[in-house]
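> Sequence order for the protein chains is A and B. To convert, note that position 38 of the first sequence is 38 in this note's numbering; the numbers rise steadily by one, no gaps. To convert, note that position 84 of the second sequence is 1084 in this note's numbering; the numbers rise steadily by one, no gaps.
Watch out, some of these pointers could steer you wrong.
[Claimed, not checked] Computed cross-link-like contacts, DSS-like style, restricted to lysine-lysine with a CA-CA straight-line distance of at most 25 Å:
#1 Lys1364/B / Lys63/A
#2 Lys63/A / Lys1116/B
#3 Lys63/A / Lys1292/B
These are computed hints drawn from the structure, not numbers from a lab.
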Amino acid sequence: MTMIFGIPIQAFLGQLLVGLINGSFYALLSLGLAVIFGLLRVINFAHGAQYMLGAFVAFLGLKHLGIPYWAALVVAPLVVGAFGALIERTMLSRLYNLDPLYGLLFTFGLALTLEGTMRWYYGASGQPYSAPAALTGAIKLPFMVLPIYRAWVIVASLVVCLAVWALIEKTRLGATLRAATENPSLVQSFGINVPMLLTLTYALGAGLAALAGVLAAPIYQVSPLMGSNIIIVVFAVVVVGGMGSILGAIVTGYLLGVAEGLTKVFYPEASNIVIFVIMAIVLILRPAGLFGKEG
Amino acid sequence: MKSLYLTAAAAALLVTPAAAEMTDGKIKIGVLNDQSGVYSALGGTGSLEAAKMAAEEFGGKIGDAPIEVVGADHQNKADIGSNIARQWYDTEQVDTIFDLTTSSVALAVRAISDEKKKITMVTGGGTTELTGKACSPYGFHWAYDTHALAVSTGGALVKAGGDSWYFLTADYAFGYSLEENTTKTVEGAGGKVLGNVRFPIGATDYSAFLLQAQASGAKVVGLASAGMDTQNQIKQAAEFGITAGGQNLAGLLLMITDVHGLGLQAAQGLYLTESYYWDRNDASRAFAQKYKERTGAMPSMVQAATYSAARQYLKAIEAAGTDETEAVAAKLHEMPVQDAFAENGKVLANGRMVSDVYLFQVKKPEESKGEWDYYNLIATIPGEEAYMKAEDSGCALVK
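Using the sequences plus the hints, can you model the full thing?
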């Protein structure tokens, strides 16, 4: 058997793929965070809670209204996005002129409230949610069994990440958005409704988190805690990628997913801290992050 | 017995009214466990509620001393648990600490309680060390331990042909203890262990570990973990075709709250060991029904055991006529346990409460007659066989 770093190449390739799958979630979640931070300068601690809400909307929709998985992929981001817009309009927007710390504290409080509420109603043990029939089963690759659902997650996340990146970096709407954050009063003088743009941006970020939540529901238990389990890692991804850098968030998401996957082979006990070790090293060598602009 | 009561009554008359026998005029039970994380469903606020139910059975007081039950969240961290325990003992007049889910926290709090001469009744933690190296004259262990789980689940599966094992082990005291005990059982029965992997608790994604288990070719993949960790492993094992590929999954600590979370579709066919199931006899059903009305869920074995331990503790105070630690601990050691949780339970010299444990198999969805109807009883393992003898436990108190 061919060996690589002392382990069979089959196992190595398998872990590489598993890392990519986890990276897909990191990329999708850190993308939303990066969009919100890059354009609104808000550190959105409620991102994990919005991810959790996405999974719950899918779960409750199926249980009470019979909304199938495919529809949930659209419905959940819309519902959570609308909720995000409401929060932004009524509360968060009042904090833009204050120190960024206030936004952080507000969203942190919001996350705790949402999690606490869901835990009150649904308890901490997870709720089951099944993958749609079309995506169950597995493909037998030469080096591993690949569940079809996981393959779907990689594809879906890649497509969404690229689409969002293109929307913000390549379209006129994206250009307006970026301009609006650089100099809101100037953009407003062109007759563009800047507060509305900012609301939509926050809703987009929240919707992306919800989409990741729906994608995660069939893999993990739908649980009030699922967001707080992942949010810290996602923050590390954004920091490594460079705060606010959208491309940085996507690439770093995948990279760190793979790094974590490989750690699980070589030294499993360290797998939940390897990302933070990398974060520390990057911060020492490149304080602005891998893709961030210095200063 | 009668003469004992007479003596107690006479003593009471001679000295002072009943309330004065309590060291600080009240009895205060602290329930310390995970109330927000991966183990909060199997213990959590449910355990707190169960302890309150026990207190209510005594009318909320013994003699004139009111019974108070308080709870706190140790977040599965030994340092946080230790701080709360010290604060409870030093400034809040807590007399005893219950539940102590998560063995690492249980061991830390046990040490503090020993130093302060306080009774601990562990129902949530599982390591045998609590009645072994770390045993204490004031420490009691209810519900289950890793030895009982290993003997029951491990023994049964090897007998059924599962003679090669691979472990997915939670990286802390409880996981090690469970893996070690099961390894002993498996090897003792002629099986062998092909390997193991240790994961940090709360890892959420287990695919990397499951792939390694799959590649090992072991007939049984033993899940030496608990709570949501185990739930996610079972769910993801199905995804990677572990059982479809002919390997068996053994949840070494799986409780009814986990099965409820997974749903029968995902959990069917699993073997597991519990020391309590709500639908076992009239007493267990009556308690479970009352518990469900208050909490909305059926009790896990940890929650039912917390009720049992609290009830026994209060009975011991009643019998001793004081809440003084030495006297209550002595009563706890000699009184039999007979309640909704245990029949003919008894406490060994090392603090282990021994009662029957049960090997269950999870029902298929079509076999289940309704919500919470989850288990088929496969075997009853008498307490004396399931638990280690006090002499073998390594406890220094046992000569």
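> The structure should be examined with respect to each hint, and the outcome stated for every one.
Here is how each hint holds up against the structure:
1. Lys1364/B / Lys63/A: holds, 21 Å
2. Lys63/A / Lys1116/B: Cα-Cα ~51 Å, so violated.
3. Lys63/A / Lys1292/B: Roughly 22 Å between the alpha carbons, so the hint for Lys63/A and Lys1292/B holds.
Going down the numbered hints, you'll see the structure goes against just number 2.
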